[in-house]
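Enquirer: One-letter residues, chain by chain:
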Amino acid sequence: MNPAISPDIAAQLIALFAVLMLVVQLLLVVQRMLLTSIRLFAIQSVFLAGIAAVVAYFHGAFHVYVVVALTLVGKVVFLPWLLDRQVRRMNIIQEIEPLVNFPTSMLICGGLTLLGYLVARPFTSLERLGNNTLAVAITLVLTGFFLMINRRKAITQVLALLTVENGVMLAAVALTTYGMPLVVELGIFFDVLVAVMILGILVYRIRETFASMDVSKLSQLKG
Amino acid sequence: MEHLPLTFLLLTLLGYVAGAVAGLLCLRAEKLANYGSFGLASLAALCGVVASVSMLAAGTGGAPQTVQLLPALIPYVRFTIRLDPLGLFFTLLVSLVGLALSVYSLGYARGFYGRKNIGVLGAFFNAVLLATTLVFLADNAFFFLIAWEIMALTAYCLVSYEHEKEEARNAGVLYFVMSHIGTGCIMLGFLLLFQASGDYGFDGFHALGDRMAAGPRNAAFLLFLAGFGVKAGIIPLHIWLPVAHPAAPSNVSALMSGVLIKTGIYGLTRVLFDFMGTPPNWWGVTVLTLGTISAVLGVLYALMEHDLKRLLAYHSIENIGIILMGLGAALMFLHSGHPVLASLALIAGMYHTINHAVFKALLFLGAGAVVQATHTRNMEEMGGLVKRMPKTAFFFLVGAVAISALPPLNGFVSEWLTYQSLLQGFGTTSSLIRLMFPLSGAMLALTGALAAACFVKAFGITFLAQPRSAHAEHAEEAAGPMLAGQAVLAAACVFLGLFPTTFLRLLDPVTQQLTGQQLSAQLGLANGLVLAGATATGGTVSTPGLLLMAVCLLPVPLGLWLVLARGTTVRRAPTWDCGLQGLTPRMEYTATGFSKPIRMIFKALFRPRREVQRDYDFSPYFAKNLRFDSHVEEVFQTRIYRPLTWLVWRMARKMRALQAGSLQAYLIYIFVTLILLLLFAL
Amino acid sequence: MKPDAIAIILQTGLLLLLAPLVSGLVRNWKAKLQNRRGPRIWQTYLDLWKFFRKDMVISEHASWVFSFAPHVVFFTAVLAGLLVPMVTVQAPLSLFGGVLALVGLLALGRFFLALGGLDTGSAFGGMGSSREMTIAAIAEPALMLAIFTVAIAAGSTDLSRIVAATLGPDWRLLNPMHVLAFAALFIVLLAETGRIPVDNPATHLELTMIHEAMLLEYSGRNLAFMEWGASIKQLVLMTLLVNVFLPFGLAPAVASPAALGLGLLAYLAKLLVLAGIVVVVETTNAKLRLFRVPDLLSAAFVLAGLALFSTFLFQ
Amino acid sequence: MHGTDLSLLTPLLAVPAAAGLACLVARARRTMAAIGVLAFGGTLLLGGRLLQQVVAGGAVTEWGGFLRADALSAWMVVLISTVSLATSLYAGRYFQRELAAGAVTPGRVREFFVLTPAFATGMFLVVLANSLGVMWAAVEATALSSVLLVALYNRRTSLEGAWKYVMLGSVGLALALLGTVFVYAAACKNNAQPLPSFNWSYLQTVAPQLDPRLVRLAFVFVLVGYGTKAGLAPMHTWLPDAHSEAPSPTSAMLSGVSLKVALYALLRFHILTTACLGSAYSCHLLLGLGLLSMFLAVPFILVQRNLKRMLAYSSLEHVGLICVGIGLNTPLTIAGALLHMGYHALTKPVLFFAAGNIQQSYHTLELRLIGPGVVKTLPVTVLFMGLAAVAATGLPPFGLFLSELLVISGGFAAGQTAVSVLVLVALIACFCGILTQLTRILPGPSRPGRQHDGGSWDGVPAMGLLMGGLLLFSVWLPRPLLAVLQDAAVIVGGNP
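Chains A, B, C and D, in that order, give the protein sequences.
Residue numbering for the first sequence follows the working numbering, starting at 1219 and increasing by one per position.
Residue numbering for the second sequence follows the working numbering, starting at 11 and increasing by one per position.
Residue numbering for the third sequence follows the working numbering, starting at 8 and increasing by one per position.
Residue numbering for the fourth sequence follows the working numbering, starting at 184 and increasing by one per position.
Isolated chain A, as found in the complex:
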């Protein structure tokens, strides 16, 4: 089939979505409210799905549509719903208190973005579609990592982990023509799903035993 839209438009779309993902990520970094950040994650996943969709459409690779579907179902609908429900049920205090204050964390994120571009620069040639998507992906991974460090609440850490996951998936889409083989995609997807569920269970138990979700309270095991 011949695509109705030309490659460069596709490339621009992908680049746009990628950058949007990055923006959302930065918003996450400075976000104070828990539920909002969950929604932000959902939005980020939407963009990811969008990129995947573009790729799928442009290459007519049908199994990538599956990826799109999975992302939409899983990361946009199910997981946010799950987390949201948990947050409400355990009526956690909404306020997020990060370790590093926002200006500093913004600076750090800037640095990480720079690093991401540095690392990705040699590979721009590899990208079939759009440029510096890879850079965005790596940046997402790094900032997601930083987000984990910077958060105290268990749930927010899970969230950060998920953004890292998004970054990885973005890289997968960006670097490879047709995304990963379907079986791998499925494996990854279900792993992520199960992971979040198990994390949920743990968070629940922790909540019960510690009467708090502050991870920095988990520091009895020393030496």
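None of these hints come from the bench; they were simulated from the model.
The structure presented is a predicted model; accordingly, all values stated were derived computationally and were not measured.
Treat the hints with caution; some may be incorrect.
Beta-carbon label-pair distances, calculated as ranges [said to hold, decoys possible]:
(1) Met597/B to Ala266/C: 52 to 60 Å
(2) Gln75/B to Arg551/D: 53 to 61 Å
(3) Arg666/B to Leu282/D: 31 to 39 Å
Yeah, the Cβ is synthetic: ideal placement off N, Cα and C, and Gly gets one too.
With chain A fixed as given, assemble chains B, C and D onto it according to the hints.
Expert: Just chains B, C and D, lined up with the frame of chain A:
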């Protein structure tokens, strides 16, 4: 027929295995375990003596015979033994001592009935004998290291056999830690050789040093010196020795002091004379110096002890020093190209090695009997035992005379040889270094005299005069097997003392192998009656001759008795008590008091501290009761080892902060690692 | 080279008979120098005679070691004496041992002497043994070093050869090596024979006595052997000194009776001179505190070391 | 060659999975335990057969190349089965006592017996998967299944351990996935149409043509990622927490095999990287991290207060040694490292089982509280613990002495003297630590007032099985084992 000795040797190994198994099988039945394991051990050791003596007497010429014990079931490891003179000589040593010890243990183990598990003791005892024998016979570095480690392991278990006592536990740990560090050095040394030869076989190592570059060669020398030095207890690597040897059961102490530390000597001899080629001069100088230091300091520390077994342990350090003097001199002679003198010095060292094995084991056995009888190791609570344990006392006296290097017993002979080699060494070089020979000779004299003083104290305070405690008063003579074991060693002392030239024949193959010389013909004059230095003009001595002469002089005192002292009577009366009412043991000279002059003279070394508390009514001279403490500082312990360990622990504690329990911190570790690696990969 | 019976018997006799005389002489001359009449020079013989005739009292705490010690002391002294050339260059027993054996034998005697001192359980005996062994221990290196010096020069530890070597053409009275070694050995002699300034053989004062403290419990023939052994030991050491360092006048190994006579005279003369020196030293010095003795002996060690070094220089 | 028949690899996955399901429905604890034992006994047999087939005729594939087992995988399969078998042997009695003591609820016990086979299945899949992507998914699966095992006791500390484990693990695995993606991209690059599959068997062949820069980048991510799961310093921080807080059977599996499985995953990429960039790059990284792990373990062992944490750190030490052995990259050292994997897998579980007995008898793991004299109360347990400790510290007659000496001497042979010396120093220090620590508790007099409830003979079958195996293989390596080891060494080292 010529395979007979080999058969005996294999029987030895099998016997030890069987003994160990027997011990483990009879864990519950202690009598059975005792007779089974120690009986088999004695038989095995006997076979070992027969085998090694016959092989040495046959003078195994040419390439050493090798025997594969087990098929190569696992890659890179060959369980092969080699029957070369050096190994056989040490096998003789371990078997001879092992024989006496096993017999002794038959009686000694009874002391543990109902308290401890004899089966375990017997099993480990056999195991350590087996491992030691294999150390002496191993044909490649891999096998050697395995045997070496098993020996250390079993010895550790034996040291902490009475693990209910904290002393034994700590002693075991200290011993094993030091020994393991030593093993590490040895391993590195062998690996350096392996790097040069590309194989683990000892044949490949022969005279390898000449083909090695100077750097690795010297490194290997130092590593081996340190590694085997730990095992031998060379000062300053000795700290484990006076702790571990006393803590073990006495038969084990005897084994460790008599045989196990000799594995260090074996290793040094094997490496320095077989593998390392012609040594540079400073090797010999180092060994000689270390030997001298160990000898003097060892005996000085021994003098300060009033714990009988610790005292003996320190004497082991002293004697190792004397052995090293011989080896060091031999190295220097090899360097300056005097093979005959080198052989003489080597013979002196080897002779003293077996002598020390014999009389030190004997002394430890005596000490063991005494400790078992008096339930204390503190000499201040003994005394008067010569009347209650006459036989043990006699054997101990033999050992004491021997270790004090007094004629006509064996210690005198080997030290005489050492003196000879040192004196003749003076002519081998014209450099200032040669002053070392007579000077270390003088130090050897000092050592001998101090040793004599120390054993006057040890024997006098322990066995003579009045008993100083109720235990000592009710002590009983040791059991038959224990006496038998001591008798064997005492006989060995006498034999080695009176018939050195006969024994030297057994050393011919050893020197032949290591220096290409055979001296027994030169050393034995007047068909074996007289022992000569390497040259007949150098000086001669004849212990049997002197003994004969003494017998010939007997008429003099006899005549005087018969002529002058006829009709005189002998009256027993109490010792003069200065007019006080009766002499009590508390008035006797104590061990601490006996060694006080030495302590004062060597104040700088011992840094003695004393606390005196007296409470009195009107005048300090009439104290109601008086408490006196006197401590001697062990410099190496307090100045080197303690600070070192303290430092290590402190750093370790600081490190714990890394694992402080904060998830964020852990994430940061990973994050930082990732970023660093990314930058590295760029 | 082979030990011949006559020489042995003669030298044994000489040792046994001469030793008490020398001690007697020294005691007598000392008294003279102190303006006392002092005991006759034969007194020692009479003492020994008396001791042999007397009954023995043995402490009930003592064991067989107590009675065994005197004989060991006596025998070792005599045997040591047989290793030293006295009248002729050739010591009768030199084949059976050189200077090392000599030192060893004396050490053996000392060993049992000290044990005997401890055996009775009296505090004096213990104190004596302790001090005796201590002083011997620190005297030993000086003694050995001094002996090594001459032994190295002669290339042998065999006393006959040493004497022969020193008797050789290149012997000079003022050879620095010999002078220094002689000085060292002389100090050792004072220490080993329990002379002032190290020990006072004439006193029985608890705090100072060393040798006497060990003999305190001895009586009868045991005491006799002890005393006799001690004086023989003293004679042996003096002989060693005079014959090794002043070898002139010694009869050759195989000699006519006349030559032997001359040798004997020369030997006696040297001996008397040495005894005189000892007496002078003893009367002109005060006894040192026990813990000063090491200084004296370390001085001896240093002298011996210098002697050794001088051989190194002059060889 | 075995592409069509499903006789070998499929059952290896099916049997434990089935066992897990069976435990879901099984009623009695005994039946569940029995099921576990039977299942892993079966996998062990299968592993043996696989071993022979691999030695006989190279790699075995099934499901049209979806599953693939070469010598390396076969070796791992045997290890996994052995340790799992021992674990399920031990678990039955262990949980009987836990239930009696009221430490766990029956529900949790069922959870254990269901999740353990799942855990094992995951590990089997890791070593059998042909596609690197599937391998990644499997590793993640093992992580997830073991998390709940770690959190089995609902104590604060165990939850904390589990939480750290899962968080750090997932982050690591995310990074590993990124690395995997890069490799995949690199593979895609040099052919326009989509890859048939993301298969090892294919990548192996094209490895030399991959884009070096991308592979460099990929290996960094994979190293950090799988390194975290394998407990390489400084990503090891979760290891002592998880291993000490998990129930002893799980600790045994974590220390015994799961670390090595992660290491296996890392190895696969290491092989690709060496094939693409030459050995220097990845070997140096492995060497560095390995040495760091060895030395980092030492102080924590020296001043450790908790028995199981000490054992965990010693595992860290051993993982480091294995990495060094592979990093040295000579046939000798690689063989040594693989051998070391095996011996360690036989040794460490015994230690954890014994620690479990001690914990159940003294109700604490604090060395200070256990105090001296355990030998008086639990002689048999102490016997096994002592033997295993002797083995773990690398003393003869046990095989770890051999494997360690192989690594060290290989370093000398390769001229990497400094590395060997460092390794030896670390090993000696570690030995000193373990010796001092265990001497504090094992020997000594039995304190009179000390209350404990016996159980000296607990888990003897499991410990006996492992120690027996260790002793046997220390003196005798059967030919197939040896052959498979050499093949595996060739696969890893790439030099025939």
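Enquirer: All the hints need checking, so say for each whether the structure fits it.
Expert: To see whether the hints hold, each was checked on the structure:
no. : hint                             : result
1   : Met597/B to Ala266/C: 52 to 60 Å : 58 Å, holds
2   : Gln75/B to Arg551/D: 53 to 61 Å  : 56 Å, holds
3   : Arg666/B to Leu282/D: 31 to 39 Å : 35 Å, holds
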